[in-house]
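2 protein chains.
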Amino acid sequence: MNADAPPERLLLGSGPSPVPREVLDALALPTIGHMDPAFAEIMEEVATGLRATFATANRATLPISGTGSAGMDALVSNFVDPGDRVVCGVHGLFGERMADQLARAGADVVRVEAEWGRAIEVERLIEAAREGLDAMVVVHGETSTGVAQPLDGLAEACRERDALLMIDCVTSLSGHPLALDEAGVDAAFSGTQKCLNVPPGLAPFTAGERALAKLAARSAPGRSWYFDLSLVLSYWTGDGGRAYHHTAPINLVYALREALCIVHDEGLEARWARHERAHEALRAALGGLGFERIAPEGEALWPLLAVTVPEGVDEAALRRSLLLDHGIEVSGGLGPMAGRAWRIGVMGAGARRQPQRRLVSALAGELGADPTDALAALDEAWRA
Amino acid sequence: MNADAPPERLLLGSGPSPVPREVLDALALPTIGHMDPAFAEIMEEVATGLRATFATANRATLPISGTGSAGMDALVSNFVDPGDRVVCGVHGLFGERMADQLARAGADVVRVEAEWGRAIEVERLIEAAREGLDAMVVVHGETSTGVAQPLDGLAEACRERDALLMIDCVTSLSGHPLALDEAGVDAAFSGTQKCLNVPPGLAPFTAGERALAKLAARSAPGRSWYFDLSLVLSYWTGDGGRAYHHTAPINLVYALREALCIVHDEGLEARWARHERAHEALRAALGGLGFERIAPEGEALWPLLAVTVPEGVDEAALRRSLLLDHGIEVSGGLGPMAGRAWRIGVMGAGARRQPQRRLVSALAGELGADPTDALAALDEAWRA
Numbered sequence: 014m015n016a017d018a019p020p021e022r023l024l025l026g027s028g029p030s031p032v033p034r035e036v037l038d039a040l041a042l043p044t045i046g047h048m049d050p051a052f053a054e055i056m057e058e059v060a061t062g063l064r065a066t067f068a069t070a071n072r073a074t075l076p077i078s079g080t081g082s083a084g085m086d087a088l089v090s091n092f093v094d095p096g097d098r099v100v101c102g103v104h105g106l107f108g109e110r111m112a113d114q115l116a117r118a119g120a121d122v123v124r125v126e127a128e129w130g131r132a133i134e135v136e137r138l139i140e141a142a143r144e145g146l147d148a149m150v151v152v153h154g155e156t157s158t159g160v161a162q163p164l165d166g167l168a169e170a171c172r173e174r175d176a177l178l179m180i181d182c183v184t185s186l187s188g189h190p191l192a193l194d195e196a197g198v199d200a201a202f203s204g205t206q207k208c209l210n211v212p213p214g215l216a217p218f219t220a221g222e223r224a225l226a227k228l229a230a231r232s233a234p235g236r237s238w239y240f241d242l243s244l245v246l247s248y249w250t251g252d253g254g255r256a257y258h259h260t261a262p263i264n265l266v267y268a269l270r271e272a273l274c275i276v277h278d279e280g281l282e283a284r285w286a287r288h289e290r291a292h293e294a295l296r297a298a299l300g301g302l303g304f305e306r307i308a309p310e311g312e313a314l315w316p317l318l319a320v321t322v323p324e325g326v327d328e329a330a331l332r333r334s335l336l337l338d339h340g341i342e343v344s345g346g347l348g349p350m351a352g353r354a355w356r357i358g359v360m361g362a363g364a365r366r367q368p369q370r371r372l373v374s375a376l377a378g379e380l381g382a383d384p385t386d387a388l389a390a391l392d393e394a395w396r397a
Numbered sequence: 014m015n016a017d018a019p020p021e022r023l024l025l026g027s028g029p030s031p032v033p034r035e036v037l038d039a040l041a042l043p044t045i046g047h048m049d050p051a052f053a054e055i056m057e058e059v060a061t062g063l064r065a066t067f068a069t070a071n072r073a074t075l076p077i078s079g080t081g082s083a084g085m086d087a088l089v090s091n092f093v094d095p096g097d098r099v100v101c102g103v104h105g106l107f108g109e110r111m112a113d114q115l116a117r118a119g120a121d122v123v124r125v126e127a128e129w130g131r132a133i134e135v136e137r138l139i140e141a142a143r144e145g146l147d148a149m150v151v152v153h154g155e156t157s158t159g160v161a162q163p164l165d166g167l168a169e170a171c172r173e174r175d176a177l178l179m180i181d182c183v184t185s186l187s188g189h190p191l192a193l194d195e196a197g198v199d200a201a202f203s204g205t206q207k208c209l210n211v212p213p214g215l216a217p218f219t220a221g222e223r224a225l226a227k228l229a230a231r232s233a234p235g236r237s238w239y240f241d242l243s244l245v246l247s248y249w250t251g252d253g254g255r256a257y258h259h260t261a262p263i264n265l266v267y268a269l270r271e272a273l274c275i276v277h278d279e280g281l282e283a284r285w286a287r288h289e290r291a292h293e294a295l296r297a298a299l300g301g302l303g304f305e306r307i308a309p310e311g312e313a314l315w316p317l318l319a320v321t322v323p324e325g326v327d328e329a330a331l332r333r334s335l336l337l338d339h340g341i342e343v344s345g346g347l348g349p350m351a352g353r354a355w356r357i358g359v360m361g362a363g364a365r366r367q368p369q370r371r372l373v374s375a376l377a378g379e380l381g382a383d384p385t386d387a388l389a390a391l392d393e394a395w396r397a
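Sequence order for the protein chains is A and B.
Heads up: take any position in the first sequence, counting from 1, add 13, and you land on the numbering used here.
Heads up: take any position in the second sequence, counting from 1, add 13, and you land on the numbering used here.
No wet-lab data here; the hints were simulated from the structure.
Be aware that a few hints might be false.
Just so you have them, the derived chain B footprint on chain A, three or more residues with Cβ under 8 Å [said to hold, decoys possible]:
(1) 17-31
(2) 70-76
(3) 105-114
(4) 130-136
(5) 378-388
Just the calculated beta-carbon pair ranges, DEER-fashion [as the list claims (entries may be wrong)]:
(6) B:D338 with A:E58: 23 to 29 Å
(7) B:R124 with A:L337: 51 to 57 Å
(8) A:T250 with B:G145: 39 to 45 Å
Since the structure is predicted, the reported quantities are computational estimates derived from the model, not experimental observations.
For glycine and all other residues, C-beta sits at the position ideal for the given N, C-alpha and C.
Required output: the full structure, derived from the provided sequences and hints.
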């Protein structure tokens, strides 16, 4: 190659997450055409794998050709009409972002907020729905705070009003318990660079019949041609022949297929359980070094451990040392948590004992602390 | 790997184009974080390489995180306001698509058309501009017909009216003469899967000061958060620290960097000249087999040779044989040309004698023709 290779990093931040060798190998398979019958087979395998991972029977399940935030744009531009009353849960940066996108789409946004670091009480979302709504959107896995949002009762509240329930599960998909059909979710988007361990560039997406019926009933096409599901679906799920829409990111689709095989081989529930164990193990180890989890019991998002940084520690300098001297990436806090919190990824191949040991050892070293107890706590939690 | 590998294909269709081994290798380099200082260096190299390839000094030059059509969405959602009068050249599918996207954005679209297979007379575009306009958009390289659109005089006509000139150069970038600043283009988008030989998933994009001034003067944010250049640029060109927007498709950016090195090593003008020679060579060879170029002299787009299929040939069956029996992809016609035209890519690594010889030999074999003369014509044109 002409260009210098990037350094090796252990990616334990908020994403991208560690990409297994076999996924990188799949990425580098020879490119074929987006209308090649051999690619159609691969698309079908990917759609099937995504359905299993979302735990949905939705035929309209596919990767949107962009990163996680493109999934948000696709969700809003297809299922929210100007003037729609949309209840939007906001308890972190990604809820804020969703509210921003909804406003851009001309929605009447009803914000239901919780402080950063806490889940939103579902009763308050349900209460807001009682006043009438066309849709409700919540962030299931809030990457900015490490909080998982309960969904109990939301689907019923939405259906009573003939409204759609839609979620952002960018960070939770395959790393935190979530069964879309069981939860009554009408549409959802995710990202590949979190628990699926695929390089960024695709947004797994699914939509059920109620959402598609709303799209079909539109009087005018949506504002985005690129994200228009009525066109995208004719390519991804076209019966009796796929119609060309845009050129799919072929090689990223190969990588996603490989990653979905890995999820399938492990099993979805076993994978969720591993993420919980990995989260608790790292939490125990970091607690011993003075980093305390922000999310209270019962609200933690397994794939993202957000912790407070001990008083007196220059967190930016410490993160920089971890990155440049140890090759380990962790992420800083965002918004009100900037400068006082860290966000540590517990995602897929990163939710394993060995990479966590590397982080704990390096961190203890930088802090001038003895790592023995922290590592013992980590090991004990993994053995449990 | 778990999953079956796709077949090897020689990609001589309308794109994706053949991806060199070193670009695939770059794609599979270890993923690092989108905020990693090492990635910031790579971003800078990519921006520099793209500026050279577009022949522009525009600081706002970057790959949009989606395929070529995402570049179209980004162009329209940033630089076209509802109610804008936009002159749109339509002489093929991609002009139609642009007109569709403009209408979705609420523009008053003034179509200036030419028949498929011909360029639009610039006088007609200039005439339409005289009646007043906010922007003009033309497709420089019409992938559906293999026609290159002259831009002479368009920039002056737009500037007189304080309007923006914007182009789609998805298929022409680095394969057909185009110097953006010299042509007075205010904004442009491309795709990586054509003459750059990178797998699909990024849309090279550039915008000059006049376009950015229009964006900055907006009273309300654009309809798309994902494509909002005022946010994207704070990540891609942020002075004194890059601000997180979305997670860039890291590995595709590696691949693009490698491809831009290849362009740089060859030199832009030499690359244009090679595409012209490759186009003429293949045209001569295919002419001997009864496939005649559709674009008249002076209107041909070097990277895409659109040809008529000889009478009596079942073009779909023949393409299928080429693909499945010979592993060679060529593309069929679109719209009014479906069933009677082929579109053959002459793009980057595909614009070489050897892959063209493979195509000509296979095609002659399928037609039951002696390939000798066609191959001789090819070789002679390459030697010229």
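To see whether the hints hold, each was checked on the structure:
1. 17-31: holds (count 10)
2. 70-76: violated (count 0)
3. 105-114: holds (count 3)
4. 130-136: violated (count 0)
5. 378-388: violated (count 0)
6. B:D338 with A:E58: 23 to 29 Å: holds (24 Å)
7. B:R124 with A:L337: 51 to 57 Å: At roughly 55 Å between Cβ atoms, L337 of chain A and R124 of chain B fall inside 51 to 57 Å, so the hint holds.
8. A:T250 with B:G145: 39 to 45 Å: holds (44 Å)
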